[in-house]
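Chains as they are written, first to last, in my numbering: chain A, 1 to 363; chain B, 1 to 363.
No wet-lab data here; the hints were simulated from the structure. Fair warning: this is a prediction, and the values are worked out from it, not measured in the lab. Take the hints with a grain of salt, since some may be wrong.
Any copy will do: because identical chains look the same in the list, a pair fits if it lies in one copy or spans two.
Derived pair list, reagent style DSS-like, types lysine-lysine, alpha-carbon separation capped at 25 Å [stated by the list, open to error]: (1) K294 to K247; (2) K281 to K294; (3) K304 to K352; (4) K304 to K247; (5) K308 to K353; (6) K352 to K330; (7) K304 to K353; (8) K149 to K276; (9) K352 to K276; (10) K330 to K308; (11) K294 to K304; (12) K244 to K344; (13) K352 to K308; (14) K244 to K281; (15) K247 to K276; (16) K344 to K308; (17) K344 to K304; (18) K294 to K244; (19) K276 to K244; (20) K308 to K294.
Protein chains: 2
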Amino acid sequence: MEEKDAKSALSVNSGVEQPPIVNPNAFAQFKRKKRNPLTLEEYVDGIRSGNRTILSQAITLIESSLPEHNELAQQIIERCLPYTGNSVRIGITGVPGVGKSTFIEAIGSQITALGHQLAVLAIDPSSERSKGSILGDKTRMETLCADPKAFIRPSPSAGSLGGVARKTRESIILCEAAGFDVIFIETVGVGQSETAVHSMVDFFLLLMLAGAGDELQGIKRGIMEMADLIAITKADGANAMKAKSAKIEYQSALMLFPATESGWSPLVETCSSVDKVGIMKIWEHIESYTSLVKSNNFFYTRRKEQAKYWMIEAINNSLMRNFYGNEAVKENLEILEEMVLEDKISSFAAAKKLLSIYFSSQK
Amino acid sequence: MEEKDAKSALSVNSGVEQPPIVNPNAFAQFKRKKRNPLTLEEYVDGIRSGNRTILSQAITLIESSLPEHNELAQQIIERCLPYTGNSVRIGITGVPGVGKSTFIEAIGSQITALGHQLAVLAIDPSSERSKGSILGDKTRMETLCADPKAFIRPSPSAGSLGGVARKTRESIILCEAAGFDVIFIETVGVGQSETAVHSMVDFFLLLMLAGAGDELQGIKRGIMEMADLIAITKADGANAMKAKSAKIEYQSALMLFPATESGWSPLVETCSSVDKVGIMKIWEHIESYTSLVKSNNFFYTRRKEQAKYWMIEAINNSLMRNFYGNEAVKENLEILEEMVLEDKISSFAAAKKLLSIYFSSQK
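Could you put together the complete structure from these sequences and hints?
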């Protein structure tokens with residue numbers, strides 16, 4: 001942990017010149033500086049002025065598992081809260097191989113060219129970084145990485161979905177306070193993290209491959225119905241025709257879906273990140289969506305619902321962590337679970353026994 | 001409460017001759033008999049021998065909110081558990097007006113004609129019984145009500161979804177112990193109860209109307225992806241052609257959905273409950289499904305998952321009830337929620353404050 005935080009602090013400081021180490025005193029000073037480099041005021045001022053290094057350091061505090069880091073992170077977040085909310089939060093998902101990195105690179109560059117400030121975050125609780133998440137591999141987004149109007153933050157280290165989702169949501173607050181008005185939250189469309197992302201974004205973009213065959217197996221059922229827009233990627237070269245007919249198929253499928261609460265009818269578009277075709281259109285759709293849901297107020301009521309949802313989620317997660325982490329519960333859970341599976345006790349009777357064990361251990 | 005239970009006890013006893021009231025002693029005896037009419041042994045033996053009156057009385061105990069009834073109900077359930085599991089549990093959903101009652105009447109009669117024992121239960125946490133749920137209105141299923149091989153149980157009285165779902169799941173156990181080998185769980189496809197039903201059934205049947213217009217607005221997004229079979233109802237008379245083309249549309253839509261875990265490809269059929277066309281085919285599909293998932297073991301692993309799920313659900317619901325019912329939490333929840341909505345505190349900081357209030361009140 002110590003080592004990891006030292007490393008993070010170093011890496012976000014990499015652009016800052018370090019004092020030369022000449023004697024033990026200087027070294028002590030350097031060490032102190034690394035451990036607590038900035039005051040609360042300096043963090044907040046730095047973030048508010050759009051200083052990416054300080055923003056990055058603050059996100060590192062959020063991701064840290066040291067209690068003193070979290071304490072400071074919470075103070076920073078609370079100070080930043082009055083300056084948040086002025087962005088469009090866009091969830092982007094798709095299976096590995098769909099071309100998320102090139103798509104984000106392509107659309108991101110066009111968005112910053114329009115004058116927007118873009119932050120790209122990732123939510124991916126899987127520990128296997130090699131499974132295709134773009135943000136583990138910054139080098140695949142060279143243009144955007146060099147773009148002064150873009151801020152790319154790799155995935156936080158592995159953890160529970162609840163933990164990672166919470167960190168991402170807190171990072172959004174800081175990015176907004178730093179002036180980013182477009183926020184991408186990227187996730188790999190294979191697990192439960194899409195639901196978490198869906199509950200923190202304004203717009204949900206699903207990337208799909210043409211040829212509704214094996215590629216689809218990776219997308220979890222239910223994700224399609226969350227999409228505000230399905231973009232069929234790699235619509236270029238020999239693939240262009242296939243993408244076009246996939247578009248028609250998905251369009252008629254979406255028409256059969258029940259209406260959305262937002263009043264928006266989900267769309268299907270084809271695009272090519274390589275040929276830069278169809279990318280701008282997708283951004284225009286996002287803008288149309290935003291103006292629609294702002295005018296019918298859905299944008300604001302949903303954000304309020306999301307804030308409440310995250311409070312309740314945090315409470316419920318914590319209650320469960322407390323229960324399932326209880327020693328007496330741990331000792332009995334497996335035994336009772338086994339009895340349920342063998343039809344020796346009903347699910348509800350087993351639950352009741354575990355609860356009475358838990359509550360009596362609390363006293 | 002007292003009155004309601006007395007009424008239930010009367011109604012399920014309605015076929016049993018009552019002793020004449022001649023003197024105060026006889027009356028006292030009669031009263032005692034009504035309050036605790038059967039012993040645990042009598043309940044279990046009655047259920048096991050397929051006695052519908054006793055089964056009905058036992059379900060009334062499950063639905064009762066008196067602690068002593070619940071105590072007895074849990075004992076009955078535990079004694080019945082070894083005799084459960086030998087049924088196909090089928091969830092049936094659709095918006096009001098889709099024709100659920102006539103469909104269940106039509107398919108139910110065919111199923112009992114094949115020699116099956118059919119139990120029809122309902123899960124519907126809404127308190128407005130007038131909104132089209134069939135089971136509040138037994139008279140609409142005259143044939144099935146008179147069928148000696150069928151058992152129809154109206155919806156339990158209003159309550160929280162968690163409570164109603166739990167009661168339905170416990171009723172399934174008793175019905176199976178009573179020898180019913182086909183169990184329908186009916187719900188109105190407009191709320192969250194479908195997810196609850198989906199987690200307690202083997203097969204999920206969605207009834208839809210032809211003409212993918214306004215009728216669809218009532219079906220919640222996500223329900224379509226749960227369906228193992230979509231039946232387009234009222235495919236008769238002038239509606240037959242419309243139903244046929246709806247079938248083709250839904251078929252191509254389903255093909256775009258990701259594969260199911262069961263290995264089953266969801267189907268679309270048209271049917272007419274009035275003309276009795278297509279009804280038998282739906283039952284045959286359910287049989288094919290069952291033999292598929294029994295041979296690939298999905299049937300059994302899923303039931304085990306469901307039993308575990310219900311244990312965890314019961315625990316989590318109880319933890320939350322305890323938290324949100326806590327007086328100190330109640331006093332502060334709204335204030336903190338308001339602060340979250342006004343961006344004065346982050347969702348997570350508010351959650352943390354409430355949790356510390358809760359845990360310190362526990363000691």
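Checklist entry - If you check each hint against the structure, which ones fail? => result Hints 1, 4, 9, 12 and 18 are the ones this structure does not satisfy, whereas the remaining hints hold.
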